[in-house]
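Colleague: Line by line, the protein sequences give chains A and B. Taking the working numbering as reference, the numbering of the first sequence is continuous, increasing by one, and the terminal residue is 419. Taking the working numbering as reference, the numbering of the second sequence is continuous, increasing by one, and the terminal residue is 456.
Everything labelled a hint here was simulated from the structure, so no lab data went into it. As the structure is a prediction and not an experimental result, all values here were calculated from the model. All residues carry an ideal CB built from backbone N, CA and C; glycine is no exception. Some clues are possibly wrong.
Taking beta-carbon pairs under 8 Å as the criterion, some of the chain B residues facing chain A (in silico) [to be verified]:
1) Asn-227
2) Asn-229
3) Ala-258
4) Ser-273
5) Pro-403
For each label pair, taking beta carbons as the anchor points, the in silico distance ranges come out as [said to hold, decoys possible]:
6) A/Ser-218 x B/Glu-253: 29 to 39 Å
7) A/Arg-296 x B/Glu-455: 38 to 48 Å
8) A/Asp-373 x B/Ala-369: 47 to 57 Å
9) A/Ala-200 x B/Arg-432: 31 to 41 Å
10) A/Asp-373 x B/Glu-455: 24 to 34 Å
11) B/Glu-290 x A/Asp-373: 20 to 30 Å
12) B/Glu-324 x A/Lys-40: 50 to 60 Å
13) A/Ser-394 x B/Ser-319: 54 to 64 Å
14) B/Arg-374 x A/Lys-43: 45 to 55 Å
15) B/Arg-224 x A/Pro-185: 28 to 38 Å
16) B/Glu-455 x A/Ser-346: 52 to 62 Å
17) A/Gly-229 x B/Arg-374: 32 to 42 Å
18) B/Gly-424 x A/Gly-345: 29 to 39 Å
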Amino acid sequence: MRYAPAILVGRLTRFAARLRKPGGGSAVPGLVVNRIAPKYLKRTLSGFPQGLVVVSGSSGKSTTTKMLVAILRAHGVDVFTNPSTANISQGLTSALLEQADWQGRVPGDVAVLEMDEGHGALVMQGVDARVVCLTNVMVDQIDRFHDSEMVASMLARIAARAGESIVVNADDAYLERLAARVQPGVAVHRFGVTDAVLAASPRGLGYTETSDVRLSSGTDVLVETVDGASAVLDDAGASVSIGLPARGVHYAVDAAAAYATAKAVLGDRFSSSTAADALSAIPAVFGRGERTTVRGHDVEFVLVQNPASYQLNVDSIAPGTEQIMFAIGSDVRDPSYFWPTDAGSLGRVSIVSGSKSAEAALMLAYDGVEIDRVEPDLGTAVDAFLAMPAPASGVKTIVFTADAMRRTRAHLGLAGAE
Amino acid sequence: MTLTIVSLLPRLQNTNGDAENARVLATRARWAGLDATVVEAETAAQLPPRVDAIVLGSGSDSSLDESRELLLTMHDEFRRWGTEGVPILSIGTGWELLSWGIELASGRSIEGLGILPGRSVPRANRVTGDVVVKSPRFGMLVGFENHARDYVGAEASPLGRIRAGHGNGRDSGQEGAVMGDVHGTHLHGPVLAKNPVFADRLLETMAARAGLEYVVGERAQTVDAYASAARAAQLAAAGVSES
């Protein structure tokens, strides 16, 4: 009964928010409930019978969370999870409200939460997690996270909430140092890639600092081989074949992270074949390499979130792709940290757009890319790009940051613009 | 005759893409029809025999000691480059390491190489954001700053006066430090791409030392139009006019 009044107010707020913006989700109900019942979030998160699992890190946390949830559900576990856009405090509370009964109780055996590395340390104060999975440390928006040290220290605070175990990427030197300082009694599980997989990624895996040595086969979960959209994991010496939601070593690493975390959560109940089936059945991840049909054209959407994903995604665009649009939005305050990347393989870009279009064009030009047009207004640019006749080679490809993606989808009336 | 631009310690000192300014210089030289190459040097042994310009970017505080040790092995070279007029662009902690020294918030001091006057001192809060600097040599410079220390002792020879942002701080109203052709600045990232006049002054110096002539290439004019648009957006946001 304690939270019934707050839940009622939250529900009414959500109702009001939906009247104002039909179909849209909103963080406002969460904000309201956090204000009038400040302990609701902590108590609810700490109250799941089989505990709380948190996934955080600079990159790959959405994919890893989705994969982990899929594996757990395939094992018959009732999972509460948050949509990836709701990974900060008010969004989390809003997500809980979606599932809560009138007293605020949320059904589920276990909660699996994707946690923003910046807000997570704050959200997790006073919250007890069972297992914390950390994906990697990369420099993200530079004006938000000044350097890798800061990201690592925020992740350390999240990891400190784990009561049972942490699961870390052994190829990330920052996370390995963090794992060395875990409290007594907390187990450390690891995932990583083999030397051969690392060697096949000429630009590395994008971590700020890669560990000097790889894990050896036997105790942990290793990415043994990656071939297009399929991979083989080495689970304590046994080979497990899986399908990936898209091409790319980073998806295989995310899968290894989810696999290792599911093992930590399920213990004896874990089945490698159930996990492999669940991983292989995951649909393509939203936004990254997503192929769709818009105004009669095949269009590929490519989302870039940080320099590492930018480089991986640019490298994966087929050479000779004739029509490419680039859109860098206001979510990138200062694009400087993208400059070490190289988009020279694209050769030519049809339109550069977004509020940072001039800076993006400047960067592409120094990579040796020819630019046909710079159009800061995203709607105008999208219309012009789609109005171009179908390309002779490759599909129309739009590379965008998260903010530009939302605006593009909203402009085209596509789902997921929120 | 190939112009050789050295990118120093790119492994440790490229946090914000500052080291890419070496590529900007080489690319603009090629657009002007000159041969140019970028050599990455992590140690003194990797330095090429001929050096036409040096770019030393910014790193994180945790790499200050390691970078300093490496730079100390090139101390004589730095003194010689400074005397001979080899253009040097140092940014953020790279600049701080070339100064008299760095005072850390912990109270510890790190001795610099003493190539540029002044020292960095802790400030209460980190500053991040757009900067606009009016420089007597390079005109209106735009950039992005991200630093947790102020800089004192460069009052007699700054890069320019602050029109927006913090710069050297301590109420100096100034940004950067310059000694001959050695430049230190807080302006992160591709400062030479966004400020082509700055890049071209350095290239003119490099060319003159090598007995070459630098004339801005045709391609550079196209690309500089993107820089102009980026500058205009940043100047408008800062409420500063270009002149």
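Colleague: Taking 31 to 41 Å as the stated bounds, is the beta-carbon spacing between A/Ala-200 and B/Arg-432 within them?
Modeller: holds (36 Å)
Colleague: Holds or violated: is there a CB of chain A closer than 8 Å to the CB of B/Ala-258?
Modeller: violated (22 Å)
Colleague: Taking 24 to 34 Å as the stated bounds, is the beta-carbon spacing between A/Asp-373 and B/Glu-455 within them?
Modeller: holds (27 Å)
Colleague: Does the closest beta carbon of chain A sit nearer than 8 Å to the beta carbon of B/Asn-229?
Modeller: holds (5 Å)
Colleague: CB of B/Glu-324 to CB of A/Lys-40, is that within 50 to 60 Å?
Modeller: About 51 Å separates the Cβ atoms of B/Glu-324 and A/Lys-40, which means 50 to 60 Å holds.
Colleague: State, for the Cβ atoms of B/Arg-224 and A/Pro-185, whether the hinted interval 28 to 38 Å holds or is violated.
Modeller: With a Cβ separation near 35 Å, B/Arg-224 and A/Pro-185 satisfy 28 to 38 Å, so the hint holds.
Colleague: Are B/Arg-374 and A/Lys-43 spaced within 45 to 55 Å by their CB atoms?
Modeller: holds (50 Å)
Colleague: Using the Cβ atoms, figure out if B/Glu-455 sits within 52 to 62 Å of A/Ser-346.
Modeller: This hint is violated: roughly 35 Å between Cβ atoms.
Colleague: Kindly confirm whether 20 to 30 Å is satisfied by the beta carbon distance between B/Glu-290 and A/Asp-373.
Modeller: Violated: the Cβ-Cβ distance is about 44 Å, outside 20 to 30 Å.
Colleague: Evaluate the given range 54 to 64 Å for the C-beta pair formed by A/Ser-394 and B/Ser-319.
Modeller: holds (58 Å)
Colleague: Please test the hint of 29 to 39 Å on the beta carbon pair from A/Ser-218 and B/Glu-253.
Modeller: This hint holds: roughly 35 Å between Cβ atoms.
Colleague: The hint says 32 to 42 Å between A/Gly-229 and B/Arg-374; measuring C-beta to C-beta, is that right?
Modeller: violated (56 Å)
When the structure is compared with the earlier hints, violations turn up for hints 3, 11, 16, 17 and for no others.
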